Amino acid sequence: MRVFISLLILALTGLLPKASNAQASITDSTINMFLFQAGYAGQLPAGDLSDRFGFNSNVGVNFLLKDKNNFTYSLEGSFLFGSQVEEENMLDNLKTERGAIINANGGYATVLLFERGFTLSLNFGKVINKIGPNPNSGILLKGGLGYMQHKIRIEHKNDPIPQLEGDYLKGYDRLSSGLMLKQFIGYQHLSNSRLANFFVGFEFMEGFTKSRRSFNFDTMSKDDSQRLDILMGIRAGWILPIYKRAPSDFYVY
Numbered sequence: 001m002r003v004f005i006s007l008l009i010l011a012l013t014g015l016l017p018k019a020s021n022a023q024a025s026i027t028d029s030t031i032n033m034f035l036f037q038a039g040y041a042g043q044l045p046a047g048d049l050s051d052r053f054g055f056n057s058n059v060g061v062n063f064l065l066k067d068k069n070n071f072t073y074s075l076e077g078s079f080l081f082g083s084q085v086e087e088e089n090m091l092d093n094l095k096t097e098r099g100a101i102i103n104a105n106g107g108y109a110t111v112l113l114f115e116r117g118f119t120l121s122l123n124f125g126k127v128i129n130k131i132g133p134n135p136n137s138g139i140l141l142k143g144g145l146g147y148m149q150h151k152i153r154i155e156h157k158n159d160p161i162p163q164l165e166g167d168y169l170k171g172y173d174r175l176s177s178g179l180m181l182k183q184f185i186g187y188q189h190l191s192n193s194r195l196a197n198f199f200v201g202f203e204f205m206e207g208f209t210k211s212r213r214s215f216n217f218d219t220m221s222k223d224d225s226q227r228l229d230i231l232m233g234i235r236a237g238w239i240l241p242i243y244k245r246a247p248s249d250f251y252v253y
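Each residue of the sequence shown is one higher than the last, beginning at 1 in our numbering.
All clues given are correct.
Here are the simulated SDA-like cross-link-like pairs (lysine to any residue), alpha carbons at most 20 Å apart as the crow flies:
# : residue 1 : residue 2
1 : K126      : Y187
2 : K210      : D224
3 : K126      : T72
4 : K130      : S25
5 : K151      : Q84
6 : K170      : Q149
7 : K126      : V200
8 : K126      : S191
None of these hints come from the bench; they were simulated from the model.
Just so you know, these numbers come straight off a predicted model, no measurement behind them.
The task is simple: from the sequences and hints, build the whole structure.
Below is the structure:
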């Protein structure tokens, strides 16, 4: 994955001058440009992931190059987080008969569970100019290959619980990761005035993950199962386009 990222960064660095020096007008021509995108997605899980988590939020950034043929090449990363954890039984072996966890001081502990994770992908896409204010706007199709990682974050800030601290915590957090496929279909809007630039659409992620922990303390075994972790939702965000304006005046000698 590091090799792919390095190659893409080199490609974007080499092509950026071409994008910023484009002399054609965005209003009537497809032009090279560099786009920085920041967005948010609300996502629902499917597949094996729905047994572990519920609805989650996803914030991400995308470094994208669009060429004069409206093809796009990008490096995208996102951070996913949520508070709906369905797989709560992994702490059952630490609970009393009344369903409580006792802290090191002998009192009842408050333990909170959260979803945490991230994705990283290399994407290829196409802008189809059927709608929009100019040839650089339109239906945006993207597909990507990348990496997905997620885990259960276990918090007990005010309660010392030796069984959930240090390396012991790794035996319960269900850390999983693996190869990911990604698809997006939506709309990209680049205004002629540069004032209103945004995107919105449907996004799908399929992670082919497995457990990265050598041992789960609650099951007293290693989890060797192959997972299909799916996330689907609507992503929308803001775009900062970088390109050089075409000259507004022309001189003939």
